[in-house]
Each structure stands twice: as structure tokens, then as C-alpha cells.
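Listed in order, the protein sequences are those of chains A and B. Here the first sequence is numbered in full-length UniProt numbering, starting from 1 and rising by one per residue. Here the second sequence is numbered in full-length UniProt numbering, starting from 1 and rising by one per residue.
Treat the hints loosely; a few may be bogus.
No farther apart than 30 Å at their CA atoms in a straight line, the calculated lysine-lysine pairs in the DSBU-like style are these [stated by the list, open to error]:
1. A:Lys185 x B:Lys131
2. B:Lys178 x A:Lys185
3. B:Lys152 x A:Lys185
4. B:Lys102 x A:Lys185
5. B:Lys116 x A:Lys185
Keep in mind the hints are simulated off the structure, nothing from the lab.
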Amino acid sequence: MEKRSVISGRLLPYLLLLPQLAITLVFFYWPASQALWQSFMLEDAFGLSSEFVGLENYAALFQQPEYFRAVGTTFIFSTAVTVLSLSVALLLAAMADRQIRGAPVYKTLLIWPYAVAPAIAGVLWLFMFQPSLGLVARGLRSLGLDWNPLLNGNHAMMLVVLSATWKQISYNFLFFLAGLQAIPKSLIEAAAIDGARPTRRFWTIVFPLLSPTTFFLLVVNIVYVFFDTFGIIDAVTGGGPAKATETLVYKVYSDGRLGGDLGGSAAQSVILMIIVIALTAVQFRFVERKVQY
Amino acid sequence: MAEVVLKDVRKTYAGGVEAVKGVSLDIPDGGFCVLVGPSGCGKSTLLRMIAGLETITAGSVAIGPRVVNDVEPADRDIAMVFQNYALYPHMSVYDNMAYGLKNRGTPKDEIDKRVKEAARILAIESFLARKPRALSGGQRQRVAMGRAIVRKPQVFLFDEPLSNLDAKLRVQMRVEIKRLQRALGVTSVYVTHDQVEAMTLSDKLVVMNAGNVEQVGLPNDVYKRPASRFVATFIGSPPMNIVPGIVEGDGRVAVGGHMLAVADMAPGLAPGTVLDVGLRPEDLEVSGGPGIRLPVDFVEELGATQLFHGKLDGAEMVVQAPTGAITSDTRQLTLTIDAAKVHLFDRDTGARRGR
Numbered sequence: 001m002e003k004r005s006v007i008s009g010r011l012l013p014y015l016l017l018l019p020q021l022a023i024t025l026v027f028f029y030w031p032a033s034q035a036l037w038q039s040f041m042l043e044d045a046f047g048l049s050s051e052f053v054g055l056e057n058y059a060a061l062f063q064q065p066e067y068f069r070a071v072g073t074t075f076i077f078s079t080a081v082t083v084l085s086l087s088v089a090l091l092l093a094a095m096a097d098r099q100i101r102g103a104p105v106y107k108t109l110l111i112w113p114y115a116v117a118p119a120i121a122g123v124l125w126l127f128m129f130q131p132s133l134g135l136v137a138r139g140l141r142s143l144g145l146d147w148n149p150l151l152n153g154n155h156a157m158m159l160v161v162l163s164a165t166w167k168q169i170s171y172n173f174l175f176f177l178a179g180l181q182a183i184p185k186s187l188i189e190a191a192a193i194d195g196a197r198p199t200r201r202f203w204t205i206v207f208p209l210l211s212p213t214t215f216f217l218l219v220v221n222i223v224y225v226f227f228d229t230f231g232i233i234d235a236v237t238g239g240g241p242a243k244a245t246e247t248l249v250y251k252v253y254s255d256g257r258l259g260g261d262l263g264g265s266a267a268q269s270v271i272l273m274i275i276v277i278a279l280t281a282v283q284f285r286f287v288e289r290k291v292q293y
Numbered sequence: 001m002a003e004v005v006l007k008d009v010r011k012t013y014a015g016g017v018e019a020v021k022g023v024s025l026d027i028p029d030g031g032f033c034v035l036v037g038p039s040g041c042g043k044s045t046l047l048r049m050i051a052g053l054e055t056i057t058a059g060s061v062a063i064g065p066r067v068v069n070d071v072e073p074a075d076r077d078i079a080m081v082f083q084n085y086a087l088y089p090h091m092s093v094y095d096n097m098a099y100g101l102k103n104r105g106t107p108k109d110e111i112d113k114r115v116k117e118a119a120r121i122l123a124i125e126s127f128l129a130r131k132p133r134a135l136s137g138g139q140r141q142r143v144a145m146g147r148a149i150v151r152k153p154q155v156f157l158f159d160e161p162l163s164n165l166d167a168k169l170r171v172q173m174r175v176e177i178k179r180l181q182r183a184l185g186v187t188s189v190y191v192t193h194d195q196v197e198a199m200t201l202s203d204k205l206v207v208m209n210a211g212n213v214e215q216v217g218l219p220n221d222v223y224k225r226p227a228s229r230f231v232a233t234f235i236g237s238p239p240m241n242i243v244p245g246i247v248e249g250d251g252r253v254a255v256g257g258h259m260l261a262v263a264d265m266a267p268g269l270a271p272g273t274v275l276d277v278g279l280r281p282e283d284l285e286v287s288g289g290p291g292i293r294l295p296v297d298f299v300e301e302l303g304a305t306q307l308f309h310g311k312l313d314g315a316e317m318v319v320q321a322p323t324g325a326i327t328s329d330t331r332q333l334t335l336t337i338d339a340a341k342v343h344l345f346d347r348d349t350g351a352r353r354g355r
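For reference, chain A alone in the conformation it holds in the complex (with noise of 0.2 Å):
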């Protein structure tokens, strides 16, 4: 039963609510009004003044090809991340639900990574493929294979794939562990009478009934690859080789803080902020009413 508290007055619940109010408003609402507005000015080349120029931000960056580049590029990245986490914690996930003992290990070891900053992870991945120190890298040249991720733009998509897909396992991880707990087990017994095996069972009875979880952990990941992977782009490639690396947000920062473009910058950052608030709607239109089943 769903316990309720009644608060009496109007008062107090205006008052409870203020601080997380004040967050909002201070950390939110005003930096991406901010954002909105500058979005809509355009600096001078000194950053002396400004001057509205109202939508020619958005024109001038659909005009460039380097934005669609960058379109393009995210595309590739988080998709990548996101079938390479979702699938690898997956599949974690169903050996730790059939593993009894040494369970908590495996689960505290396959939980860390989620500890780790996301630039420190960059960092680590960076030292093991870097080309003339790197363990792996060393490994792979000894094989035969011209490893290079500062001058090859795919070796280095790879490299920033790899590390962020990395840093995604454990939280996916969790998600589909408890998800799986979740699933009765006199359903898998049941299904094992009737006959079926551990692979057919798997993709009939129990992938079926995690969807709500695997829908849920969609849209963070996607969010996750556009937004949060900043700090291991940055310290993995920088955007490089040759603008290979380059995802939206990506481009948002070199623009801005390095290109000294304020305005391109910030519509780039207003278009970011529509495919999350779009993002997110999806999220509370089907996972916030639970995917069907």
C-alpha cells in the first residue's frame, strides 16, 4: 500500500521544493537561456561586441559540411557504443544471474569501472593503445598491424568506442543484473519443461521480458554517447585525427572555446539540447508507463 503524508499550508511544500528548484534554475534554465540567446548574436572577431542576427547561426551551420561531418560522426560513435555496451553487458549480466558463487566479485569487479572518470578511462585507454609505448598497441603491432590512432582516423574512432563502451558495461550492467533477478524463476523452469533450451529460453522468454530494461537503457546510453563522452574524446583524440573524433558535442566545444565562435557554438548547443528534451520525451512517453508486454 502507498503510504501519503499530508502536508497542511502552502508554505512548507513551496519551501521544500526551493532548493531543488534553485539547482534547476541556476545549473538549468539559465545557462540554456543563455545559450539561446547568444545563440541568436554574433560576436565580433575580438569578442568586443555583439549583434543579433537572429536565425543566421542555424543557417551558416547547416550550411557547413563539417557540422553534417560531425552528424555523422556521432551517428557512427553512439551507435557503436550503445550495441557494443548494451550487448556486452548483456551478456555479463547472464553469466553473473547463472553464477552463484564468488557472485559479489564479480559484480563489485564489474562495477568499478563506473568509479572511474571519464577522462581518467580516456587516459587509461590512451596509455594501452598508445603506438609507440602502449601494451596493446605494442601487441597489435607485433601482429602485423599498422596501429595507429593519431594518424589513423578509424583507429582512433575505435580507441573512443572502446573507451566509452568500457566505462558504459558496468552501469548497463547493473540495469540487466537486476533486470534479470526480476524474472521469476519458475518462468525459466517452466519454460525448461517445455522444452526449451538455454538459448531458445533466452531469447524467448527472458530477452522478451527485460525489454522494459533494455528500452529504458537505450535512451541513457544514446544520451549518455552524446553528452557525457566529452571528457574521454577530449583526452583520448582531442576530436583528431583530423576532425576523425569529432561528435557534436564535441564540436560545440572546439567552436566555441577554441574557434571563438560564441553564437555557432551555442545554436549547436540549443540543437543538442532539442534531441535531449526530444530524448527524453520518448523516455517518459514508454518507459516511465512500462513497455507492453
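Place chain B on chain A using the hints.
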């Protein structure tokens, strides 16, 4: 169809807990065997070993001519009805029932025929397209039964299938399960802790306690001649009264200062031996002459019958009689009992001390 034969089956869990301590059992083809006992007696573990959901530590389980110890559940040709029904929530009723057939590669039109037939037998045709969560408890129960019968297995296994239903529905489903099993003639093993279900459904009643079989027999035989004090108090409602008695001689026991004649008494019991005497509440009668004097504390009215509660030598005692049958003073009853209905048990081991 097949018989099920268990030979000295044991189950020891990893922690060293012995759940089943050597059970041998022979369930004839088409028989309805009920395993009954208090929770933790090992009855569910035993059932799950027959199903193949638990490994067998020692002994053997055979279904038909085949020992199935190392056979996967899927290949044992059994069907099981679970306590929580275990219906697949993402599948329609139709798909729930068809799943087992699909897994075995049954042709589509054959699946359709069998599912429709099962649905007709169970009167669930009208909601084949629904998802389990849109069904009531009784309907889910039927679907679970349907899932078992479409497969036409050698053995049905039931794991407390009625315990989630309300009392009225339970009685109704109990009758339906019995009827269905009779009609299909499939060997069945049924686990329950409800002694009424056990008595009414079984043609072979197995009473279990602490991992051991206490008694196996026809339900009426178990009721009339319980092999131990445990069985005596477990089967029958209200439970059998157990009161202390002293052996007075061959075929005679003193209870509450009154001498009772006993038909079934182990020979050679020394006079003065203290025994547990079992007297069923419904077997006790009001005596015109001398008898056991029971001061009545209170009376429970059950409509058709009355229960008179009292204490005899410190032991709880209940007398059951049809309402209005006892016309004498109901504050103090003088009781007697047929010599054939007196049960004697060892005080320490609880074993029956009969011939």
C-alpha cells in the same frame, strides 16, 4: 502414460542440509499420488527432482522404463503446474499453451487443433487472445492446466497449484483437477500442504515429514490407521486428540481414570507403560454409563457440527458431534469410544504401537 518409480532418492544441498532422506515410491500408471506434509518436509524438493529442476544426490527416478536422473527436464516428457502458475506474461493465452509444442517442432495445424481442444475442455476458449495479466486467478490456473494438457505428457506434476486461490475457487478447481485427471488418465504427482486436498485427490497418499516418508497408502487407510503420531495429527480436521494413557493389560488402556478397550495393541506391552493415545474428535461418543469425564471449556458451532473443547490431563481435547446430537449436560461430557478406533503411539518415537 507411464509409471513413476523412485528408489531411495536423496537430496543434500550444498550447505549439507538433507532435504530428502531416502524416499522410495512406486506410482502406478494413471495413478494420482499426493505428497503431503508441513512446509520444509521435502515434498516440493522431491517433486522438483522428478521434474528435473533439482539434481538427484543419490538414488534413482524412473519414468516408465527409463531412469531419468541425467535427462533434461525437456526430455522427460512431463508437464508441471506451478504454484504461481508461471505463465509467460508477454505471450497470449494461446501462445502460452502453444509454446511447449512449438519448441518440440509440432506442425502448426496440429498445435492449433490441440490448443483449441484443451481450451474447450477447460472452458477458456473465449480468452485465448488475452495476456495472462488480464485474467483472474482462477482463469490463470486454467491456462496453467491447459499448458500442461496440450502437451499430452507421460506425467503431470502439480506444485501446490491451488494455494493462491480463494477458498471457494479452490474447492471448485480441486474437483476439476480430479475430473480432468480421471478423464485423461495421466499419471500425476501432486504436492500440497492441505490435508483436505490430499485426502480428496489422491488414490495414493504419501505423508512426508522432515525429509522422510511417514506413511504411504490409500487416503482412507491412512486416515483409519495412521502409522505414526505425526500422521495421526496431520491427517484429519480437527486433528486427532493425543492424550496420555497407561497400559493396564492386554487390550486395555487407562485414559483420564477410565478404562478403554483397544482392538489394535502391540502384544507384550508391560502394564504401567505410558503411551500416547489417539482419539479422533468424531469417533468420541457420549456414554450412558461410565466413561472419560471431560469438562467442556467452550463450544464452537460449525453449523452442521459442534466442537466441544476441553482439557484432559493437561492435553487439549476436542469432541465433534452433529449439532443437537448431544442432549446431556454440555458443560461436562462423559465419553466413550469404539475399541477399534483407539490408536496407540510410542511416547518417544511416535510410532504406532499396534499389531
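For this structure, which hints from the list above don't hold up?
none
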